[in-house]
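Student: Take a look at the letters that make up each chain.
There are 2 protein chains.
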Amino acid sequence: MTVYPVILAGGRGTRLWPLSRSDKPKQFLPMHGEHSLFQRTVERHKKVEGLGRPLVVCGEADRFQVDDGLAGIGVTDATVMLEPQSRNTAPAIAAAAEALLREDPEAVLFVLPSDHLLTPDDAYFATLDAAFAAARAGKMVTFGVVPTHPETGYGYIKANGAAGPILPVEQFVEKPAVDEAGRMVADGAYYWNAGFFALSARALIEELERTAPDVVRAAASAVGAAQVRPGCIVLPADPYARAPDISIDYALFERTDKAVVAPITCRWSDVGSWSAYWDTLEKDGDGNAVRGKAITVDTRDSLIVSHRADVVALGVDRLAIVAADDAILVCPLDRAQDVKTVVETLKARRRNELLDVSPTVTRPWGGYTSIMSGQRFQVKHLFVLPGKRLSLQKHHHRAEHWVVVRGTAEVTVDDAVQTLSENQSTYIPLGAVHRLANPGRILLELIEVQTGSYLGEDDIVRLEDEWGRG
Amino acid sequence: MTVYPVILAGGRGTRLWPLSRSDKPKQFLPMHGEHSLFQRTVERHKKVEGLGRPLVVCGEADRFQVDDGLAGIGVTDATVMLEPQSRNTAPAIAAAAEALLREDPEAVLFVLPSDHLLTPDDAYFATLDAAFAAARAGKMVTFGVVPTHPETGYGYIKANGAAGPILPVEQFVEKPAVDEAGRMVADGAYYWNAGFFALSARALIEELERTAPDVVRAAASAVGAAQVRPGCIVLPADPYARAPDISIDYALFERTDKAVVAPITCRWSDVGSWSAYWDTLEKDGDGNAVRGKAITVDTRDSLIVSHRADVVALGVDRLAIVAADDAILVCPLDRAQDVKTVVETLKARRRNELLDVSPTVTRPWGGYTSIMSGQRFQVKHLFVLPGKRLSLQKHHHRAEHWVVVRGTAEVTVDDAVQTLSENQSTYIPLGAVHRLANPGRILLELIEVQTGSYLGEDDIVRLEDEWGRG
Numbered sequence: 352m353t354v355y356p357v358i359l360a361g362g363r364g365t366r367l368w369p370l371s372r373s374d375k376p377k378q379f380l381p382m383h384g385e386h387s388l389f390q391r392t393v394e395r396h397k398k399v400e401g402l403g404r405p406l407v408v409c410g411e412a413d414r415f416q417v418d419d420g421l422a423g424i425g426v427t428d429a430t431v432m433l434e435p436q437s438r439n440t441a442p443a444i445a446a447a448a449e450a451l452l453r454e455d456p457e458a459v460l461f462v463l464p465s466d467h468l469l470t471p472d473d474a475y476f477a478t479l480d481a482a483f484a485a486a487r488a489g490k491m492v493t494f495g496v497v498p499t500h501p502e503t504g505y506g507y508i509k510a511n512g513a514a515g516p517i518l519p520v521e522q523f524v525e526k527p528a529v530d531e532a533g534r535m536v537a538d539g540a541y542y543w544n545a546g547f548f549a550l551s552a553r554a555l556i557e558e559l560e561r562t563a564p565d566v567v568r569a570a571a572s573a574v575g576a577a578q579v580r581p582g583c584i585v586l587p588a589d590p591y592a593r594a595p596d597i598s599i600d601y602a603l604f605e606r607t608d609k610a611v612v613a614p615i616t617c618r619w620s621d622v623g624s625w626s627a628y629w630d631t632l633e634k635d636g637d638g639n640a641v642r643g644k645a646i647t648v649d650t651r652d653s654l655i656v657s658h659r660a661d662v663v664a665l666g667v668d669r670l671a672i673v674a675a676d677d678a679i680l681v682c683p684l685d686r687a688q689d690v691k692t693v694v695e696t697l698k699a700r701r702r703n704e705l706l707d708v709s710p711t712v713t714r715p716w717g718g719y720t721s722i723m724s725g726q727r728f729q730v731k732h733l734f735v736l737p738g739k740r741l742s743l744q745k746h747h748h749r750a751e752h753w754v755v756v757r758g759t760a761e762v763t764v765d766d767a768v769q770t771l772s773e774n775q776s777t778y779i780p781l782g783a784v785h786r787l788a789n790p791g792r793i794l795l796e797l798i799e800v801q802t803g804s805y806l807g808e809d810d811i812v813r814l815e816d817e818w819g820r821g
Numbered sequence: 352m353t354v355y356p357v358i359l360a361g362g363r364g365t366r367l368w369p370l371s372r373s374d375k376p377k378q379f380l381p382m383h384g385e386h387s388l389f390q391r392t393v394e395r396h397k398k399v400e401g402l403g404r405p406l407v408v409c410g411e412a413d414r415f416q417v418d419d420g421l422a423g424i425g426v427t428d429a430t431v432m433l434e435p436q437s438r439n440t441a442p443a444i445a446a447a448a449e450a451l452l453r454e455d456p457e458a459v460l461f462v463l464p465s466d467h468l469l470t471p472d473d474a475y476f477a478t479l480d481a482a483f484a485a486a487r488a489g490k491m492v493t494f495g496v497v498p499t500h501p502e503t504g505y506g507y508i509k510a511n512g513a514a515g516p517i518l519p520v521e522q523f524v525e526k527p528a529v530d531e532a533g534r535m536v537a538d539g540a541y542y543w544n545a546g547f548f549a550l551s552a553r554a555l556i557e558e559l560e561r562t563a564p565d566v567v568r569a570a571a572s573a574v575g576a577a578q579v580r581p582g583c584i585v586l587p588a589d590p591y592a593r594a595p596d597i598s599i600d601y602a603l604f605e606r607t608d609k610a611v612v613a614p615i616t617c618r619w620s621d622v623g624s625w626s627a628y629w630d631t632l633e634k635d636g637d638g639n640a641v642r643g644k645a646i647t648v649d650t651r652d653s654l655i656v657s658h659r660a661d662v663v664a665l666g667v668d669r670l671a672i673v674a675a676d677d678a679i680l681v682c683p684l685d686r687a688q689d690v691k692t693v694v695e696t697l698k699a700r701r702r703n704e705l706l707d708v709s710p711t712v713t714r715p716w717g718g719y720t721s722i723m724s725g726q727r728f729q730v731k732h733l734f735v736l737p738g739k740r741l742s743l744q745k746h747h748h749r750a751e752h753w754v755v756v757r758g759t760a761e762v763t764v765d766d767a768v769q770t771l772s773e774n775q776s777t778y779i780p781l782g783a784v785h786r787l788a789n790p791g792r793i794l795l796e797l798i799e800v801q802t803g804s805y806l807g808e809d810d811i812v813r814l815e816d817e818w819g820r821g
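Those protein sequences? They're chains A and B, same order as listed. In terms of this note's numbering, the first sequence is residues 352 to 821. In terms of this note's numbering, the second sequence is residues 352 to 821.
Hints are not guaranteed to be accurate.
Pairs involving identical chains hold if they fit within one copy or between any two copies, as the list cannot separate such chains.
[Stated by the list, open to error] Computed list of lysine-lysine pairs in BS3-like fashion (alpha-carbon distance at most 27 Å, straight line):
no.	residue 1	residue 2
1	K526	K739
2	K634	K698
3	K698	K609
4	K609	K375
5	K739	K609
6	K644	K698
7	K745	K644
8	K375	K691
9	K375	K644
Hints are computed from structural coordinates only; laboratory data are not their basis.
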């Protein structure tokens, strides 16, 4: 019986705005070093022996970030399951179970959120073994973190039994008030609901058929109708969208009598707010956590994140200062939960550019950062990965000037192909069919100056695209 | 007897960092609308009848900002007196008096700091008439603002006499503690020392010969040796630098028995800190003052200044958030005086790029903003005023690509001259002698991509320059 990591990467979390955006949610941000939380989640379990191919569930728009993330950590054998729209965790996990069952009737799912931070210790890996064994035996295993403080931002699991690697679940408790949280921490029988699971695919589907039959029906028929390519399963919108929008906690764990909890003692965080993020970072002697460029004077217990501008914090306490290129958030760490209010405000004011698109956009061929916008022009910094090329395309409303500042570019304009190296430039007239490629071994960087009456990303006619984009 | 506005524009104030920089001090920033405090100071007195040519005293590096500022408000008859180095207010005022005396032995100086905000009322202009008359009669007139609250950031003047347009000065009081300030405000005989004056040139020099003879000696011989061009007086470093570094308050007012105070009731601020700046701005219903782009949620009595990124302030009170392109300051308004500590810290850390140069650099021909720096490249947004041109120049270490995004450029490269319009580009090879001009009637904007091994501003060989720069 093989255990398959099932990594849920479809979340769109907004509470880490302005860094997280619709096109680049939290799990794809390098928040704790070079690697993203998604990459760290996959890497963490590389050392577990005998795990099967990872299955990553994500939205279509995230496909390329997932591929890049996997490639960046040398994982080449994963399968990506694309959801036509996000339907919460129960349908995603049920679809994963259905897909794995078709290949391996004995499959065990090790379901992992892609946006949590966990620092494994030896006991963690021992607990995994026990949990996988319990799952094989038909138990619905949820992992519970031994609480270290009366956290009100998490749900709790009450175990029925004092100690042991696997305990029966007595009760799930929603996010508590602080008094109740304190009581639960003191009690010793409660664990933080960490939101990751070990489940036999067959036992899961059988149990869901009882607790949430609509979920199984939609998931099974979606997987049955899926377009399967090497390494990729594309779920069709119909019938997948007919699955109810419901979490696995509600659809399964609160309704089954097979739930058990596997307690873990290692450091864990859902990184669910700037305050939770601050908790996960190393601090200086004044309790300040800095990512990027900051100078603190008379400042304590604060979080500063800024990669472009230098932040100077003078005389502040427990403040979060998070600067993206186009937006700067300043709020007390204790108000970090209310960033969702900010996001609502931005939505109401139709400031979608601040919500949907991160200043740096990642594409399968590399990406770009918009560095300046003027009235009839825009300047972008493009980077193209070695060996990659953009689609063959044209624009109706803009011309483009390209100046190569690093590496080598192969530029096709209509019928002519030219090779440009550092300090060479070319011009793409409005309407010209063109393609940009990096034939070299190092990153290609260029500065693009667009001029024209309309500069939106949707003025693009793709004539040929390796990734099947229209 | 003519009254000449003498505008002191040589200050380097650091307390409005990160907006004010060495190359662009507070008086040249458009802090209250389109015009700078310097421009507003000149404009404010345009309606006073019979004033003579304004005389602006500033450092050599500010010459072009002063010229641009004057041109921007249609003032063409001013004289600029360039100080080789800043020597505080007494030498600057003495030199101005010496220079005016050579043209008009009856000259009266109306000495104005260029970085204060004053909202004149009718009474103000009536007081000016009385002050000028007193100055003609040999009095040393200082203006005093009727205090509205126990401000501890200003010095106070005690008048000897209950009311009247001109009162004898009994005493000058240094910045007080808050209790003393309260007592003085309640007393009614005290005024804020506003730092502007009316002085007969001849009477001033006579009095200074008694109270600060070193100042007069250095100023007189500097003016005697000055290089005088139309509209410009260049003071030589020797002997000007020999003048003691002393303010007019110490050199004159605290030592003379001819001091009188002219009380004014209008709104006045020295804009000496972000807190003082917040005081001068209009507030929304929550007491927030915003310049630029900001969204406030549960935020009160705060100051937000940001022209590039959107600032979102959530749940903060009496906080200053000031974002420049390359630096962001966050501090309580009540700690605004300590911004000078920040500046000291930046100096100690040799972060001169954050102190000396504003992201947007103004030049006599227009200016530029550095929008991106890479390892061997830099991208700038240049703007050239109609009819202006840059020096004929070359670079040893960089090549430049120019893309015109607005207006018309005339580009000379070695012996070839070409005209480029929007969406056209050109290339300046390393070592090529070149010149950029705007022959048109509208602003010329272009994107410059520099590539090379060294991209410092000092890699420039000027072969011809209208402004005499080497």
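Student: Which numbered hints turn out to be false for this structure?
Tutor: Going through the list in order, the structure violates hints 1, 3, 4, 5 and 7 and respects the others.
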